[in-house]
Amino acid sequence: MPASPVAEQAVEISGLVKRYGDRAVVDGLDLVARPGAVTAVLGPNGAGKTTTIECCEGLRRPDAGTVRVLGLDPVDDARELRPRVGVMLQDGGLPTGVPAAQMLEHVARMYADPRPLDELTERLGLGSFARTTVRRLSGGQRQRLALATAVVGRPQVAFLDEPSAGMDPQSRHAVWQLVRELRDEGVAVVLTTHLMDEAEDLADHVVVVDHGKVIAQGSVRDLVSSGDDRTLRLDATPGLDVVALTAALTADGPGVTTTETSPGSYAVVGPVGPTTVAALTRWLAEQDVLATRLTVGRRTLEDVFLDLTGRTLR
Amino acid sequence: MNSSMNSAMNSAMNPAPTGPETARPRPPRPEPTGSRAHAGSSSRRTRVLAQTSFEARAILRNGEQLMVTVVVPVLALVGLVQADVLDVDTGGLSRIDFFTPGILALAVMTSSFTSQAIASAFDRRNGVLRLLSTTPLGRGGLLAGKVLGVLVVELVQVLVIGLTAVALGWRPDAFGVALSLVAVLLGTAAFTSLAMLVAGTLRAEAVLAVANLALLLLAIAGGVIVPADRLPGPLSHLALLLPSGALGEAMRGAFQQGTLPAWSVVVLVGWTAALGWGAGRLFRWH
Numbered sequence: 001m002p003a004s005p006v007a008e009q010a011v012e013i014s015g016l017v018k019r020y021g022d023r024a025v026v027d028g029l030d031l032v033a034r035p036g037a038v039t040a041v042l043g044p045n046g047a048g049k050t051t052t053i054e055c056c057e058g059l060r061r062p063d064a065g066t067v068r069v070l071g072l073d074p075v076d077d078a079r080e081l082r083p084r085v086g087v088m089l090q091d092g093g094l095p096t097g098v099p100a101a102q103m104l105e106h107v108a109r110m111y112a113d114p115r116p117l118d119e120l121t122e123r124l125g126l127g128s129f130a131r132t133t134v135r136r137l138s139g140g141q142r143q144r145l146a147l148a149t150a151v152v153g154r155p156q157v158a159f160l161d162e163p164s165a166g167m168d169p170q171s172r173h174a175v176w177q178l179v180r181e182l183r184d185e186g187v188a189v190v191l192t193t194h195l196m197d198e199a200e201d202l203a204d205h206v207v208v209v210d211h212g213k214v215i216a217q218g219s220v221r222d223l224v225s226s227g228d229d230r231t232l233r234l235d236a237t238p239g240l241d242v243v244a245l246t247a248a249l250t251a252d253g254p255g256v257t258t259t260e261t262s263p264g265s266y267a268v269v270g271p272v273g274p275t276t277v278a279a280l281t282r283w284l285a286e287q288d289v290l291a292t293r294l295t296v297g298r299r300t301l302e303d304v305f306l307d308l309t310g311r312t313l314r
Numbered sequence: 001m002n003s004s005m006n007s008a009m010n011s012a013m014n015p016a017p018t019g020p021e022t023a024r025p026r027p028p029r030p031e032p033t034g035s036r037a038h039a040g041s042s043s044r045r046t047r048v049l050a051q052t053s054f055e056a057r058a059i060l061r062n063g064e065q066l067m068v069t070v071v072v073p074v075l076a077l078v079g080l081v082q083a084d085v086l087d088v089d090t091g092g093l094s095r096i097d098f099f100t101p102g103i104l105a106l107a108v109m110t111s112s113f114t115s116q117a118i119a120s121a122f123d124r125r126n127g128v129l130r131l132l133s134t135t136p137l138g139r140g141g142l143l144a145g146k147v148l149g150v151l152v153v154e155l156v157q158v159l160v161i162g163l164t165a166v167a168l169g170w171r172p173d174a175f176g177v178a179l180s181l182v183a184v185l186l187g188t189a190a191f192t193s194l195a196m197l198v199a200g201t202l203r204a205e206a207v208l209a210v211a212n213l214a215l216l217l218l219a220i221a222g223g224v225i226v227p228a229d230r231l232p233g234p235l236s237h238l239a240l241l242l243p244s245g246a247l248g249e250a251m252r253g254a255f256q257q258g259t260l261p262a263w264s265v266v267v268l269v270g271w272t273a274a275l276g277w278g279a280g281r282l283f284r285w286h
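Residue numbers (UniProt numbering), protein chains in the order written: chain A, 1 to 314; chain B, 1 to 286.
In case anyone wonders, no lab produced these hints; they're calculated from the structure. Predicted model only: the values in this text are computed from it and were never measured. Note that beta-carbon positions come from the ideal geometry of N, C-alpha and C, so glycine has one too. Among the hints, erroneous ones may be present.
Per the computed footprint, the stretches of chain A lying under chain B, defined by three or more beta-carbons under 8 Å from a beta-carbon of chain B, are [unchecked claim]:
{"hint": "1", "stretch": "52-59"}
{"hint": "2", "stretch": "77-87"}
{"hint": "3", "stretch": "108-122"}
Generate coordinates for the entire structure from the input sequences, incorporating the hints supplied.
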């Protein structure tokens, strides 16, 4: 890959604060997104992902900190930025009474040289519902239409808020393919997602956000490979004594942590080796418990995410 | 002469550097670098006209909106003229001459207030206003498109209602028609401002209720169809202060006396200033 000399950042956020009333939804957030890269913003609901994106889109004015998109201020330089930035809102932003094709044509009219609509229609499979009003579209169809409207103006930066929410697997792969091509064309893609596999597959850079702050970031590889840690997953009867199990596993080996991730499912995280597996099966035999599934693998992004943001529902 | 006028108009429509972009040839396919070319904005005129037609079509395609803006005023006109449902002293005018200006005022209220408030409220809830404001259209272009869209709908309304009235024997004079256009513009400004204030501050369902209820109340007791001085008690004074009464009086003045009542103009301009200021301050995009 040719190294571009001083590649200017597409998005630079530093010390962003946004309050709703007394509550700081975004609380000192820093983020950088490069051109020609997919930056995934991960975080639980209410972590401040959408608000952060909306500050980049010029839809909200920060209470503190700075946001620069292509070196410009999203609010003050909005006129200059709008033709260069593509937006896909979380709630779609599509008027319900308008046929799908008309909405796309309408947004295309705002640009001097939009992408050819037939190509985009083909790419995202919009043809089958071109004349259907938005009201009657499925969730996945709406998302694909919203993505089409976001990229029709050949943006240099695309902000996609949960682009594959509510999509079937086919739609999702069509969307991912388009996102990869945008990246290869040099577009800075910033997306928020709940889908770990989406982030793992697509993202060059992952930013984990919680309580309005960045709590971890890096490439997927950086995030999942912390040392030699592996994860052993075990399905058995619910309610096993994880304290005793942990003790049995660490008796003649390095320390691991064991948790019951959901009733009957357990995860053992740490330097899991052959002796760990042997100790585990021995302990299970002593308890007269049969493991119905046992796998050993690397930590997934989901493991990292849950470790960072906690497993409690909120 | 001609070309200088054109360029003057162009520069009025496209401020500063957007002019040459309209005729620009397609840029070459972008190189895969960080500074790849984007599609550029279309001209401001193109964007605003696109939004105008988008807004007008959305209203005219929607059955409920068409019902409120066209069917109801036409039925009201025919009902009031043909049947003696409302026994008022027409002051020597024929019933068609007496009622048509008020029905046209009512029509302006349905499109610039009720219909626009409901459409904008639902577009706001669905994120449509936010999405369009991130495109080169921007917030200013969005508002301009909405106002022009209302004027297009009003053109359709005036044609349908006016021709119905003519079929029923209405013969307005040209001067009255010209004056009434001023009244329509003033009324549209005031009621569109009210629509934006309501749509930008209340929940969509609340707007649906408020916009219809307000229309009904103003139509009956706001000095629109029945002139303010025929209303009972204090209403006869109150209605003159309302934008509805001012618009009704302005339309009747234009068609029946060939003058625009100064008081109505003052009231409409005042409401536009106050409501527009309020909408600008209080409108919430989220």
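Evaluated hints:
no.: 1; hint: 52-59; in the structure: holds (count 3)
no.: 2; hint: 77-87; in the structure: holds (count 7)
no.: 3; hint: 108-122; in the structure: holds (count 7)
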